[in-house]
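These protein sequences, in sequence, are chains R and Y.
If you're matching positions, the first sequence starts at 3 in the working numbering and goes up one per residue.
If you're matching positions, the second sequence starts at 223 in the working numbering and goes up one per residue.
Since the hints were made in silico from the structure, they are not lab data.
Keep in mind it's a predicted model, so treat the numbers as computed, not measured.
Ideal placement from N, C-alpha and C gives every residue a C-beta, glycine not left out.
Hints are not guaranteed to be accurate.
[Said to hold, decoys possible] Going by beta-carbon spacing under 7 Å, a handful of chain Y positions derived as facing chain R:
hint: 1; residue: G273
hint: 2; residue: V278
hint: 3; residue: E281
hint: 4; residue: T285
hint: 5; residue: C1060
For reference, the chains in residue letters:
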Amino acid sequence: MPSSRFPIPQGTLDMLILQILSLEPAHGYGIAQRLEQISNSVVQVNQGSLYPALHRLEQKGWLKADWKQSETGREAKFYALTRSGQKQLRVEKDSWARLTGAVQLIFEEGTEQ
Amino acid sequence: MKRILNWFRLRRLEDDLDRELQYHIDRRVTDLIQSGLPEPEARRRVALELGGVTQVREEVRDTWLTRWLRDFVYDLRFSARSFRRSPSFTATAVLSLALGIGATTALYSLVDQVMLRALPVDHPERLVLIDWNGEQRAEIYGSDNVMSYPICQDLQQQKEFFDGVFCRAATSVILSTGEEPRVTAAELVSGAYFSLLGVRPALGRLFSNDDDQTPGSSPVVVLSYDFWKNQFGGAEDVVGRKVLVNRNPMTVVGVAAPGFRGIDVGEIPSLWIPTAMASLVPGLNDAMLDRRTAWVQILGRLKQNVSLTQAQTGLQPWFKAMLEEDTRRTNLSKASAERRRQFLLSTLRLTPAPQGHSPFRNYISRPLWVLFVTTAVLLALACLNVAGLFLARGSARQRELSTRLALGASRGRIGRQLLADSVLLAFAGGLLGVVMAPFAVRALIAFLPSAPIAANGLEASVDTRMLLFTFLVSMATGFLSGAAPALQACNKSLASSLRKRAGTAMGGLSLRRAMVTTQIAFTLILIIASGLYVRTLFGLLAKGPGFDTSSLISFTVRGAQDSNRLIRQIHEEIRSSPNTQSSALVQVPLLFGGVWGNPLTIQSTERFVTDRDVQLNAVTPGFFATLGTRIVSGRDFDEHDSRPLNEGGRRVVIVNEAFVKRYFGGRSPLGAHVGMGSRPDVKTDGEIIGVVEDISYGSIRERWEQAYFPQGQNYFGSVFYVRFRGTAESAVAAMRAILRNADPTMPAPLFLRTLDEQIDRSLNTERMLAALSTAFGILALVLSLVGLYGVMSFVVTQRTREIGIRLALGATRHSTLWLILRDALVMIAAGTAIALPCVWALGRLVESQLYDIKPTDPLTILAATLVLCSTALSAALIPARRASAVNPTDALRFE
């Protein structure tokens, strides 16, 4: 494995999936590709953990899934955000912002000394 | 919730996931090929990226079901498959569990119905029975916990503690509803009865306080729902109809709500009558308002925030005052100082009565508990057996389990798998048990003693409480029988068991030995119990009632108009019937459980009062001859004695040998005088004119002091005893014909049966205990023999090689036999050593049900131990002989 790529931080995969699906519904493979593109190949997503995450989010009611025709003409399972999924995304974004803000603050304090 | 729903659509979810993953793989492979990778390389990359398709699938499945639920489903499937492969093992295990669970469930159903279930009324938990604790000094009518009616009226004024107080008395009346009159169970109740219990009418109205004001003023009845359905066909216009109760016209005012069947599970009334009409009941007459006549049970409903103890303490001042006042009232004022002191020591006792009041319950609860505990023990034996089977199977599966462990299964996981096995078996057993239970309950109900007229309220039906009980018991059974094998599997050292060759694993042998020892101990206890009960039954049957019961029938006549004259006429006809050898009338029937008892005052050389109640009865001349009871000295009554006093009759008394022994020290009592009662003013004007042999009165168990009065002076009975010629059937038919001819409006005679049959009925409880404990003992014996045999066969298989070597080195067949048998003997001896102290400790529980035999009777214990040891040894001998027949060459080549 190329070592220049970081493993994705724990707990953030769900948030990223929700974010990607908030733009438009997508199937699993599409989400995997988008994750690669968006993160400029810096973040490494283990494709094996994508599907358990999708199913977990579906069980929680944040995603709904439908079998639809994909761009290749074959049927694929498309995931879309539900209303409670949108709410969850806002919550997660908010807490992420607060977390990174706090980490930033700690770093700044460290440089002042 | 969603996860549980997922369980039911697992198949679809799996299919979906497969398609989804397949789509991903195909797309990725295509993309990689397009970017220039050769196909095999592309496929390898995809698999690597995903980290194993199986792994992904597993992880996704975890999101569908909670982990343990999913595992459990798989475990159950696996168990079911493995059970299907070994049907004989499965059948044995399920059947033994089903027997255990079925028997326990059946007994639980009875225990629940008789003892645990609260009445179907409002807030039964606040009902209390109010009862006299001490010397009541009253004439007692009826059974258990009775007090006088005026006390109930007094208590109704205690509004500080009670929402209300009501009284009731079980009775039977002759009811005619237009057809043939019939003796029917009824309950006399005070006006507040229904409203305090919160029972509503299904039709018309129920009683109110107005129905209970002035004695004799309220000729109304309320019917029970079942009686209305059965007797009146559920007719809507039943309200307002007239019925005859003991030949008095009364009006039906309502029908009680369905499901309400009085407050005594042992005697279900068909109709309710206000206590104000108690004078209809023969015997009680005008004693209803007498303070020294106790005939009602009194129950109260405690106020919401009053505790039982508060009420009990709070009521004592009033009660003490009432006692003081009572001593100044006529009857008691003449009692001796000692008796008055005892009377004044009485207190009022309150006991919780959410299940109502039932003499039947008081009587039957001890035997039922004993049987219930026995079935629980039986179930425990079955559990041990199944656990033993599992252990044996577990050692056969040792390699499979070791392999699974080596492949990474956790020990807990394997333990759970084994537990799933036993839980599945237990539920199969439980299901079968529930199917069997109602039949067992029906058989048990037939065994239980019943009240003479009223039916008891016991049913052989499956209800939620019973199902819940079975579910819990099956669960517990599953865990109990699976725990040992599961723990065993978890504790194995992996390396050592993989290194061992198949068939040499020792498979929890010491655990199985301990279990067989326990089984033997339990079984011995059960066999001893059944021995005691059987000997009690046969002892009682052998002893008999003290008179010749062959060719003897008895019956009770009730409801004859102008009864004394008619009964005399009937008696004449019976006497002249060709079927009759001899006949007599008595006041109280024999062997029905009840007796008429009272202290007597004796005047011989000095005047004294008997130190305990004497059993009394009033009989016609020829009674002793009819029964075949010998007159030891003096003479029988004659017609002259039966005449009223003002027509030249004399007061005479016949006593029995026990009476003479206790009060005359064996001297002749002839010529001495006795009087009824213990008060100083009792007239001792009855002369003892004869002594008879002892006979049983209430039950076969007892031979008490007895005294007989001639019928016709103060006492009239209507119980006939007839010694007949020919067959019992023809005699019964002849009696029926005579009664019908004498008065067609009279209800059919009650309890028309032979004395042999009556004895059988009076021994119902004893027979039930003997039969059931024997059945349980045999079952337990079979279970533990199977267990012992299993262990011994296992041992022999294990040691075949060793035995072969021993034989090759010159051991004799005898010493080999002994080698194996010794093992069994140790278990049997240990089991016996555990059982005997338990028998000694448990003896007190059953002592009251035994007759003429101690719970530690050495003969019974010796016989039971012999039975157990000999059968157990024969069970062990089969595998032992196999061991001694081993061919050394075969044994060494074995495996």
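So, going through the hints one by one against the coordinates:
{"no.": "1", "hint": "G273", "verdict": "3 Å, holds"}
{"no.": "2", "hint": "V278", "verdict": "5 Å, holds"}
{"no.": "3", "hint": "E281", "verdict": "4 Å, holds"}
{"no.": "4", "hint": "T285", "verdict": "4 Å, holds"}
{"no.": "5", "hint": "C1060", "verdict": "55 Å, violated"}
In this structure, only the earlier hint numbered 5 is contradicted, and the remaining ones agree with it.
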